[in-house]
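Q: What follows is each chain in one-letter form.
Protein chains: 2
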Amino acid sequence: MYVIIVYDIKVERVNKVKSFLRQHLFWIQNSVFEGEVSRSEFQKIKNGLLDIIDEEEDSIIIYPFEFFSEVERTVLGVEKSPIDEIL
Amino acid sequence: MYVIIVYDIKVERVNKVKSFLRQHLFWIQNSVFEGEVSRSEFQKIKNGLLDIIDEEEDSIIIYPFEFFSEVERTVLGVEKSPIDEIL
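Taken in sequence, the protein lines are chains E and Z. Each residue of the first sequence is one higher than the last, beginning at 1 in my numbering. Each residue of the second sequence is one higher than the last, beginning at 1 in my numbering.
It should be emphasised that the hints constitute simulated quantities derived from the structure, not laboratory data. Keep in mind that the hints are not guaranteed to be accurate.
Treat identical chains as interchangeable: a pair holds within one or across any two.
Taking lysine-lysine pairs in the DSBU-like style, the calculated list, with each CA pair at most 35 Å apart, reads [claimed, not checked]:
#, residue 1, residue 2
1, Lys46, Lys80
2, Lys44, Lys80
3, Lys18, Lys80
Let the sequences and hints guide you as you build the complete structure.
A: Here is the structure:
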């Protein structure tokens, strides 16, 4: 499956979230990660994030898709991490 | 169609981008907007953003989908703007 994750995390925890996500996904933009993951890895990511974040202060939105091909992307301005070249 | 827009904009232009996007879409999280738009509105949004941003410094990623139903969403932590209640 393919996931897009966007987060809004308090500064004291944001680096922990970033380095955790970097182990599983590609950094795409300031607070956006994307990547292909297995269902069990997806579960691991969700549990790992819940261990790090404060659920009353932080917010993470996960958009899961069955296939990478379902996700189109238009970039305006700087393409910080050109995912199409990575995949 | 349905769009998710995530942005990373230099501080001097970010409020302009936010208020522009607020005219067309729903604010979902720190730097994420979503919403149902017509194709012509989608074009208008892209052109409007290009008028505001500095293409060498700012970055906007647009994920377009044919239908809202293609987009699932899992929220961890605070659900800042519960889109399902809005739509």
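Q: Confirm or reject each hint.
A: Each hint tested on the structure:
When the C-alpha separation of Lys46 and Lys80 is checked against a cutoff of 35 Å, the pair qualifies both within a copy, at 25 Å, and between copies, at 18 Å. In this assembly of identical chains, the alpha carbons of Lys44 and Lys80 lie at most 35 Å apart whether taken from the same copy (27 Å) or from different copies (24 Å). In this homomeric assembly, Lys18 and Lys80 come within 35 Å of each other (Cα to Cα) both inside a single copy, at 16 Å, and across copies, at 20 Å.
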